[in-house]
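> Next come the chains, spelled out residue by residue.
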Amino acid sequence: MIISLLMIGLVFSGGFAWYMETKRSGQAKFIALLATIILGSSFTLYIATSPESYAELVLLTKVTWISVFNIHYMIALDHLSILLLLLTFILTVVAILISWREITHRQGFYYFNLLTTIAGIIGVFTAVDMFLFFFFWEVMLLPMTALIAIWGHENRHFAAIKFFIFTQVSSLLMLIAIILMAFIHQQQEGQLSFAYQDWLTLTLPADYSYYLMLGFFIAFAVKLPSFPVHSWLPDAHTQAPTAGSVLLAGILLKTGAYGLIRFVIVLFPQASEEFAPIAAVLALISILYGAKMAFAQTDFKRLVAYSSISHMGFVMLALFAFNANAFQGVIITLVAHGLSSAALFTFAGMIYARIHSRDLREMGGFWRASPVMGGFALAFVAAAFGMPGLANFIGEFYSLIGAFQRFPLITILAALGIIGSAIYGMLLFQSSFQGPVKNSFIDLSIRERFIATSLFIFLLVLGLFPNLILQYSFNGGL
Amino acid sequence: MDLFALSMIVPQLIIAAGIVLAMLLVAWRRSQQLIANFTLFTLILSLVATIHGFGFDKISVTMLLAVDDYSRFAFILVLSASIVCLYLSKIMLKQVEDVHDEYYLLLLLVVLGAGILVVSDHFASLFLGFELLSIAIVGLVGYCRKAPNAVETGFKYLILSASASSFMLLGIAFMYAQTGDLSFTQTGLENVTLLKISLLYQIGFMLFFSGVAFKLSLVPFHFWTPDVYQGASSPVAMLLATVSKCAMFIVLLKCCYTATNLMLLQNDKLFEFIAWIAILSMIVGNSLALKQQSIKRLLAYSSIAHMGYLLIVLLISDSKGLNMAWQSVLFYLTAYLLANASIFTVITLMNRDSEVYQDITINDWRGLFWQQPLRATLLIFSLLSFAGIPLTAGFIGKFYLITLAANQALWALLAALIIGSGIALAYYLPVIFSLFSLEKPRDDLPPASMSILEKCAVILLIFTGLAIGIFPNAIGRVLQAI
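Protein chains in written order, with this note's numbering: chain A, 1 to 478; chain B, 1 to 482.
Wrong hints could be hidden among the right ones.
Unchecked claim - Calculated cross-link-like contacts (lysine-lysine; reagent style DSSO-like; alpha-carbon spacing at most 30 Å):
#1 LYS156/B - LYS23/A
#2 LYS146/B - LYS94/B
#3 LYS291/B - LYS162/A
#4 LYS156/B - LYS146/B
#5 LYS291/B - LYS156/B
#6 LYS292/A - LYS162/A
Keep in mind the hints are simulated off the structure, nothing from the lab.
Model the full assembly from the supplied sequences, consistent with the hints where possible.
So, in structure tokens, the structure goes:
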């Protein structure tokens, strides 16, 4: 029930914010912030006080939805989804705070879209009926696309369409795979079923489980994104408003990883085993190519976007190594990258708010006027390239250790990506904060300091005490 | 023919009687309000009769007609679309000073034609319904003869439609030459295997199919569609998109889903012929819609693609899938009709407000969401429904189709469907984005004035669409029970 209430609550408070904005402007952001904090903390409270351990999927709700196809409204939680939901709430608060001054027109509708996106994402992380999962998978796209298309930068329509078409086409492939799985269930058990838990018991015919797996894999690889279906990401990230980039990098990419963990690897163990070498090569290409491309960018956001591709490559590489270390690495990387990339995008937004440009060539010397901001920027860049003591290091370390056992050569080459990330990270920092002063600049405001400090604390705590996360079992992937 | 069998076609009889009475009414007193209300009354009466008839088994009424619940459901769709069309026509005709009794008569004739088509079980009744529908629509297409292009449009439709029906007649004659029977079921037929290799029969079937394909505006018989949509008034374009296509598709299915023709469709050549038409319609229809500025032309091209998607159901290989195929078609048509009705409602309302623009382009809709949120919301949901995005009925319709195609292992068609849907997004989304555009909208955009009734209608359409999209079970269960 709690999850459904969260989603309904988010949609309704979005609607309420929209309505109140028409009455008196400037209210929507307060309502959105308040609603997110209340709903987020009630979810945390619920989990903390719940008697369940959530080591396995715990079914929370089951209601018949479309009886013709035996489709149910089924919501379940386990450690993985709880972790990702918590990340979602944290980043939502960040996203709302960063929009505080940036969004000046149509605020009510903006926050409505922001909150409905979150509602859809919550659905994605918790749905265990595959039709329902697909439903949320698509529904979360609509408000996200609206965020890009209405409040984005100069080339926003193109970016929004590209983003939407990439996701839609790939997810239709997944839809076909989902339907075929339901038919296989019908052949073996006598009736159609879209329930995830029912599918776990199926014995898949070897000859086409590979193709079914590919159907899912492509949809998630587009979202992750992996080479060669990554090209929507730099555009979408660059054109989206800051909060949109934060949500995209912080959470939407994680839905791809979540799908790979929960569905591809678990439902098709043999087929993914077979596919692992190809996936590892794709991951390697993503890592190196992402790093190379990031290095070549002159646009702050585009650079961070390409670095996301590179980092998500580590996730994919580790996932297809099938061992416990790698898997722990994936989980940490997901959270760490969510936080650190969100932080870098908020910095892009803050800089844009000050100098109205994302072009690195027009930046320089910010440190002189704003040492606090510079310090934080350096910290987040260091986090992104895997500085020990911050969460990303733990994630990449574990991922590489795990992956090395299976793909030694590929892992060695992939480790070069970390060096690459240090290079483009320093490039990013140097060209914006060091060098000759090109613009007048002001330091962080209290609100911005709050965002940066809290994100940094999360990264630091997880980097020093990764056990906070690792103590929970994420055996979904094994 | 006993009384019970006759009672099955009461809805059609009501329409027929309504036409005669309407003519008498015209002779008695010419009044726009009166005839419009009378037509509405006839349609609603027929709708009630159809709904009342639900639940009876398939019954043949003479050898020409056979009524079952599928045809009843289809007729409900036709009638609902006609009622919307009637409402829109009233709005449109208000601007013109003349009295327009003939318009409503023609509308009723179209409905009668569609009514015969959905229950026909014989090539003779098929042709009767086909011609009734076509000729009445020709009259409607060229009705506002002072409007630009009206005569041209009417002629275009007339000539192409006439040649389509002659092709169809030739095809029917070829088939008759082989079977000696004009009924769909062809009970007298013994040697089906002989037919499968009979070239004449196959050519006959292809010719017949081409005639129907013209009406459904499938590629390569689609050339008339954009011009006629654009040239005709919005309610008539809606009639073309909904009633005409819905009825033609149902009769095509009734004809093809007989034992003989199902076997025949196994024939590689015919299968490929239809599969290619379907694939081409999906790809070409969607691609041609890409660069359109005129909304009506865009809708015309997208309707080509939608009929292509629907054609998938014709290619099922066994009689077990029949039920599922019928359900898919009817659900898809419901979603398609609803979305069309919604968009054309907005177009007609905007036409009325502006008077100047005959043709609405994407530019005219710029920033509509911020000024007329109700209409824009309706537009957004119907466009999303066309694109097959969840929350809307169109998605469930597409889900039905994909399920069917996956079950029948029609991979090539599925691939075309996915590519087609991808292309389609590239023209639906820009329209939606332009609704949200923040640039200053056109200054000469007239202010929106909607009466309470119109507001209610728009809200009703929005909610129906969402309700079907989120709770498809309501319609799904009805269809399953048939």
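> Check each numbered hint against the structure and report the violated ones by number, ascending.
Going through the list in order, the structure violates hint 1 alone and respects the others.
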